[in-house]
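Q: Using the sequences provided together with the hints, build the complete structure.
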Amino acid sequence: MNLTASYTELAQLKVEALIPPLVAMLLCVGLTASNHPQGVPVIMNHYLGQIDSMEEQIKWIEYTRNAMFKSVVLCGGPRVINAEIALYDHLSIQYQSLLGTTALNANGNTALWNTRGMDFFKQIYGAESASKQKMIQDANPDLWYYVNEVYGNIVSDMTHVSAVDTELQVIVSLIQMDALPQDHVLGAERVGATREQIKAAEFIGYKVKHLLE
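Add 47 to the 1-based position in the sequence shown for the working numbering, that's all there is to it.
Hints are all accurate, no fakes.
In silico DMTMM-like cross-links for lysine to aspartate or glutamate, where the CA-CA straight-line distance does not exceed 25 angstroms: (1) K169 to E243; (2) K246 to D230; (3) K179 to E249; (4) K256 to E236; (5) K169 to E236; (6) K256 to E131; (7) K61 to E103; (8) K169 to D185; (9) K106 to D136; (10) K106 to E131; (11) K179 to D189; (12) K246 to E63; (13) K169 to D189; (14) K179 to D225; (15) K254 to E63; (16) K246 to E56; (17) K61 to E236; (18) K61 to E102; (19) K256 to E243; (20) K179 to D230; (21) K61 to E243; (22) K246 to E175; (23) K246 to E236; (24) K256 to E56; (25) K61 to D225; (26) K169 to D230; (27) K256 to E63; (28) K256 to D225; (29) K61 to E131; (30) K179 to E196; (31) K246 to E260; (32) K61 to D99; (33) K181 to D166.
Derived DEER-like restraints, expressed as beta-carbon distance ranges: (34) N187 to L233: 22 to 28 angstroms; (35) K246 to T51: 25 to 31 angstroms; (36) G124 to Q59: 27 to 33 angstroms; (37) T157 to D185: 23 to 29 angstroms.
Worth flagging that the hints you see were computed from the coordinates, not collected in a lab. Note that the Cβ used here is the ideal one computed from N, Cα and C, for glycine as well.
A: Right, dumping it as structure tokens:
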């Protein structure tokens, strides 16, 4: 398999239902979750080459690295660490110096996180949120503690990535992990994604997965 050619093909992908910055972000998330960190700079460089404004370039980098970070909940630390480092190391020193250096929740309020996280959890699962919580708690109370923490501290933080874009990147990540994304397809609808956007995210997820198999 010629991985360079595959990454280049992905970088040139156009998806009518999604705006280009979102497509590029979802491709980076897909490559992160599929353990192809070396493909992330290919997507980044191709997309940034289409933007003249440095301000918009930095905005997209922050957006994308935060979306990649959110995928840590699904695909794990090692894959996200490798992808984040690959992205950062392929930036010039000038661009590196313009990125944020403080964790988004470094000075956060734990009680506020918990409320924010539960609100988003309920948004995603709707009428099934209470039964979903009970199912997880019954299976393992520690697992629910973890879910509550990551929803509050990571998933529900919308500083750079909106609720819709968060759910779309979850769909792409789950596809790489061979996990059915159905709950989050419904969740994406509940937070405002259109059916066309959801189908486009699924298309990107499967495109990444099948091209790199």
